[in-house]
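Generate coordinates for the entire structure from the input sequences, incorporating the hints supplied.
Start counting the sequence shown at 0; every next residue gets the next number (numbering that gives the first Met the number 0).
It is worth saying that the hints were derived from the structure and are not from the lab. Where a beta carbon is used, it is the ideal one built from N, C-alpha and C, also for glycine. There could be a bad hint or two in this list.
[Said to hold, decoys possible] Pair ranges (Cβ atoms, derived): (1) R62 with P6: 34 to 40 Å; (2) P213 with Y264: 43 to 49 Å; (3) Y251 with R283: 19 to 25 Å; (4) P6 with E259: 23 to 29 Å.
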Amino acid sequence: MSGLVLPPIKGLLLRVFFESADGGYYSPHFERCYEVLPVPEPVRGDVDASIIQRFAYSNIASRCGDHPLSKYMPYDYVLIGGSSHHVSKIVAHWDPRFDIGVYADYWRTIGGRIPRDFKDCDDCHIFFAAGLAKYPPGFFNEKKGFTEIRKTFLKSDRGIYVVGYMKVDEVVDLTEISAELSLRKARYSLREVWEEAIKRYGSKIREIPHLLRPADLPVIVLSNEGNYRLFKEPLPLIEWVENYKLLSDISYTFGIKTPEDRIKYKVYTEEELRDILRTLEKERLI
0 MSGLVLPPIK
10 GLLLRVFFES
20 ADGGYYSPHF
30 ERCYEVLPVP
40 EPVRGDVDAS
50 IIQRFAYSNI
60 ASRCGDHPLS
70 KYMPYDYVLI
80 GGSSHHVSKI
90 VAHWDPRFDI
100 GVYADYWRTI
110 GGRIPRDFKD
120 CDDCHIFFAA
130 GLAKYPPGFF
140 NEKKGFTEIR
150 KTFLKSDRGI
160 YVVGYMKVDE
170 VVDLTEISAE
180 LSLRKARYSL
190 REVWEEAIKR
200 YGSKIREIPH
210 LLRPADLPVI
220 VLSNEGNYRL
230 FKEPLPLIEW
240 VENYKLLSDI
250 SYTFGIKTPE
260 DRIKYKVYTE
270 EELRDILRTL
280 EKERLI
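Structural data, given as structure tokens:
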């Protein structure tokens with residue numbers, strides 16, 4: 000008896016950016032704008048200082064004003080995996096990059112979130128969700144400690160929203176490049192793997208934070224100009240309004256059927272992806 004053959008995965012919904020365990024609170028959602036704070040990552044001693052500076056929150060521009068994202072960071076510590084880390088010892092895991100159309104992760108078969116179906120995929124998409132919270136007006140105009148931000152966040156109206164998408168135009172597997180180099184050279188470094196990928200696929204490759212992890216060989220999704228976007232207005236999936244959890248009209252389209260869904264990882268067939276794209280077209284988001 001043959002095994003069940005599942006339809007290929009054509010779309011993903013991934014939760015990214017600050018959340019309760021990684022960061023400790025949600026990104027700010029203002030009346031006319033919202034931010035998406037990259038999750039924090041510990042600084043590693045074996046990384047070049049110029050790379051660390053590239054991914055410092057103080058060097059990443061805000062969407063909502065003439066200031067860096069460090070404005071929304073506490074003066075003391077944040078959470079990474081539920082454990083506290085001083086802000087002087089962390090950088091931004093700036094990924095996905097909606098400014099250039101690149102996202103890095105790992106194959107799902109080894110614990111990542113990229114399905115093998117994406118390897119040679121025609122018309123596949125990734126949708127990204129983020130937690131956003133409505134803090135009091137002017138709340139971030141003065142530096143706050145983590146405890147104050149966290150308490151305010153837990154009392155706020157907040158929700159999980161779809162904030163952007165990328166079409167999967169090319170998938171770069173750095174482990175494959177490493178295997179190719181091993182056939183050509185008796186000895187080679189992981190830095191050579193990255194340099195070969197940059198030579199083949201362009202400078203986008205060096206703009207992902209996995210460079211902070213010298214031993215990393217991720218899968219990199221590249222999206223062509225015009226095929227990626229951070230939405231001007233976020234699309235609500237689940238919202239907490241006056242302590243009540245509410246599903247939105249588009250929740251079911253994205254496979255969200257209960258307010259208790261944590262929305263970490265969703266996969267979509269071709270038919271489900273078409274429904275999502277029709278919804279976004281109707282909302283004039285794509």
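Item to check | Numbered hints the structure breaks, given as an ascending list | outcome: Those not satisfied come down to hint 2.
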